[in-house]
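S.K.: Chain by chain, the residues run as shown.
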Amino acid sequence: AQSVTQLDSQVPVFEEAPVELRCNYSSSVSVYLFWYVQYPNQGLQLLLKYLSGSTLVKGINGFEAEFNKSQTSFHLRKPSVHISDTAEYFCAVSYQAGTALIFGKGTTLSVSS
Amino acid sequence: GAVVSQHPSRVICKSGTSVKIECRSLDFQATTMFWYRQFPKQSLMLMATSNEGSKATYEQGVEKDKFLINHASLTLSTLTVTSAHPEDSSFYICSARGLGNNSSGANVLTFGAGSRLTVL
Numbered sequence: 072a073q074s075v076t077q078l079d080s081q082v083p084v085f086e087e088a089p090v091e092l093r094c095n096y097s098s099s100v101s102v103y104l105f106w107y108v109q110y111p112n113q114g115l116q117l118l119l120k121y122l123s124g125s126t127l128v129k130g131i132n133g134f135e136a137e138f139n140k141s142q143t144s145f146h147l148r149k150p151s152v153h154i155s156d157t158a159e160y161f162c163a164v165s166y167q168a169g170t171a172l173i174f175g176k177g178t179t180l181s182v183s184s
Numbered sequence: 007g008a009v010v011s012q013h014p015s016r017v018i019c020k021s022g023t024s025v026k027i028e029c030r031s032l033d034f035q036a037t038t039m040f041w042y043r044q045f046p047k048q049s050l051m052l053m054a055t056s057n058e059g060s061k062a063t064y065e066q067g068v069e070k071d072k073f074l075i076n077h078a079s080l081t082l083s084t085l086t087v088t089s090a091h092p093e094d095s096s097f098y099i100c101s102a103r104g105l106g107n108n109s110s111g112a113n114v115l116t117f118g119a120g121s122r123l124t125v126l
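Line order of the protein sequences matches chains A and B. Sequential numbering of the first sequence, starting at 72, is according to our numbering. Sequential numbering of the second sequence, starting at 7, is according to our numbering.
Simulated from the structure, these hints should not be mistaken for lab results. In this text, all values refer to a predicted model and were calculated from it rather than measured experimentally. Even glycine gets a Cβ: it sits at the ideal position worked out from N, Cα and C. Take the hints with a grain of salt, since some may be wrong.
Going by beta-carbon spacing under 8 Å, a handful of chain B positions derived as facing chain A [what the hints assert, rightly or not]:
#	residue
1	18
2	19
3	22
Straight-line C-alpha distance at most 30 Å; calculated DSSO-like pairs for lysine-lysine [to be verified]:
#	chain 1	residue 1	chain 2	residue 2
4	B	61	B	26
5	B	26	B	72
6	A	120	B	72
7	B	70	B	47
8	A	176	A	140
9	A	140	A	120
10	B	61	A	176
11	B	72	A	176
12	A	129	A	140
13	A	176	B	47
14	A	176	A	120
15	B	20	B	61
16	A	120	B	20
17	B	47	A	129
18	B	20	B	47
19	B	26	B	47
20	A	129	A	176
21	B	70	A	176
22	B	70	B	20
23	B	72	B	20
24	B	70	B	26
Partial pick of chain B residues on the chain A-facing surface, computed with a CB cut under 10 Å [to be verified]:
#	residue
25	10
26	25
27	49
28	97
29	101
30	119
31	122
32	124
33	125
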């Protein structure tokens, strides 16, 4: 079955430290990958997406992710986090153009000073 | 950019009543709407997919008679929770896919802000 695995349910980090949120997906010929952020009691905001082309994708708020086909991963990174980055982060995948996204269970990023 | 307005953001109702949640695409035509449900501290689970003018396709385990989805126009889809019970309390989120001339446009969904339903 098609699935997305976010390996860490919670990631606590200190402000200005680098962070990596891990995401793996079940292999497929074609795949479209997304990272979303959700602040408390709010909807989802798209951080970045991989549809095709360059495997290194840059998004908003200084985040970036790298598509690694051999490892079926799409890890999210930020070199220096801020308190305001504290939120829930969801990795999502679509295996066919225009179909619904399959979401991972989410990773809670907690940034403290 | 594309915007999806979801209303109401919060609703509290008594057990046994019905609640309607609206999802509108403000500046694009949404050919497909996806409705998700999110329990506290959990991920989003797809409930159903609706294409404009067609009956919705429900995911396994989702009661179609309880969660009525209407997608009568290219800018509006509604989810009605009928005879709501406390176990229906959840965060419901819609997402829309618009008409696109390229594959990248068709693959990017726009999400509403969500509706938090509390059934007493």
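S.K.: Each hint should be assessed against the structure and marked as holding or not.
M.R.: Hint check results:
1. A cut of 8 Å between beta carbons decides the hint on residue 18/B: the least distance to chain A is about 14 Å, and the hint is violated.
2. For residue 19/B, the suggested interface contact is broken, since its CB lies about 18 Å from the closest CB of chain A, more than 8 Å.
3. The interface hint given for residue 22/B is broken, as the beta carbon of that residue sits about 26 Å from the closest beta carbon of chain A, more than 8 Å.
4. Taking the CA atoms of residue 61/B and residue 26/B, the gap is about 17 Å. The hint holds against a cut of 30 Å.
5. At most 30 Å may separate the alpha-carbon atoms for a hinted pair to count; residue 26/B and residue 72/B meet this at roughly 12 Å.
6. Pair hint residue 120/A plus residue 72/B does not hold up; C-alpha atoms about 34 Å apart against a cutoff of 30 Å.
7. Taking the CA atoms of residue 70/B and residue 47/B, the gap is near 25 Å; set against the 30 Å cutoff, the hint holds.
8. A hinted pair counts as satisfied when its Cα atoms are at most 30 Å apart, and residue 176/A with residue 140/A qualifies at roughly 21 Å.
9. With a C-alpha separation of about 15 Å, the suggested pair residue 140/A and residue 120/A falls inside the 30 Å cut-off, and the hint holds.
10. For the proposed pair residue 61/B and residue 176/A, the alpha carbon gap of about 29 Å is at most 30 Å, so the pair holds.
11. Taking the CA atoms of residue 72/B and residue 176/A, the gap is near 25 Å; set against the 30 Å cutoff, the hint holds.
12. Distance restraint check for residue 129/A and residue 140/A: the Cα-Cα separation of roughly 17 Å lies within the 30 Å cut-off, and the hinted pair is therefore satisfied.
13. Pair hint residue 176/A plus residue 47/B holds up; C-alpha atoms about 9 Å apart against a cutoff of 30 Å.
14. Under the criterion of a C-alpha separation no larger than 30 Å, the hint pairing residue 176/A with residue 120/A is consistent with the structure, at around 18 Å.
15. Of the supplied pair hints, the one linking residue 20/B and residue 61/B holds, its CA atoms being roughly 28 Å apart against a limit of 30 Å.
16. With a C-alpha separation of about 40 Å, the suggested pair residue 120/A and residue 20/B falls outside the 30 Å cut-off, and the hint is violated.
17. Restraint check for residue 47/B and residue 129/A: the C-alpha separation of about 27 Å stays at or below 30 Å, so the hint holds.
18. Between residue 20/B and residue 47/B, the direct Cα distance comes to roughly 24 Å. Compliance with the 30 Å bound is thereby established for this hinted pair.
19. A hinted pair counts as satisfied when its Cα atoms are at most 30 Å apart, and residue 26/B with residue 47/B qualifies at roughly 24 Å.
20. For the hint linking residue 129/A to residue 176/A, the alpha-carbon distance of about 22 Å falls within 30 Å, and the restraint holds.
21. At most 30 Å may separate the alpha-carbon atoms for a hinted pair to count; residue 70/B and residue 176/A meet this at roughly 25 Å.
22. About 21 Å separates the Cα atoms of residue 70/B and residue 20/B, which keeps this hinted pair within 30 Å; it holds.
23. With a CA separation close to 16 Å, the supplied pair residue 72/B and residue 20/B stays within the 30 Å bound.
24. For a cut-off of 30 Å, the pair hint linking residue 70/B to residue 26/B stands: about 14 Å separates their Cα positions.
25. Below 10 Å, beta-carbon pairs count as interface contacts, and residue 10/B has one with chain A at about 8 Å; its hint therefore holds.
26. For residue 25/B, the suggested interface contact is broken, since its CB lies about 18 Å from the closest CB of chain A, more than 10 Å.
27. Checking residue 49/B against chain A by beta carbon gives a least distance of about 5 Å; that is within 10 Å, so the hint holds.
28. Interface restraint check: residue 97/B against chain A, minimum CB-CB distance 8 Å, threshold 10 Å, status holds.
29. A distance limit of 10 Å between C-beta atoms decides the matter here; for residue 101/B the minimum to chain A is near 8 Å, and the interface restraint holds.
30. Here the hint on residue 119/B is kept, as its CB sits about 4 Å from the closest CB of chain A, short of 10 Å.
31. Because the beta carbon of residue 122/B sits about 7 Å from the nearest beta carbon in chain A, less than 10 Å, this interface hint is met.
32. With a cut of 10 Å, the hint placing residue 124/B at the interface with chain A is violated, because the nearest CB-to-CB distance is about 12 Å.
33. With 10 Å as the threshold, the beta carbon of residue 125/B stays out of range of chain A, its nearest partner Cβ sitting at about 18 Å, so the hint is violated.
In the structure shown, a violation is registered for the earlier hints numbered 1, 2, 3, 6, 16, 26, 32 and 33, in ascending order.
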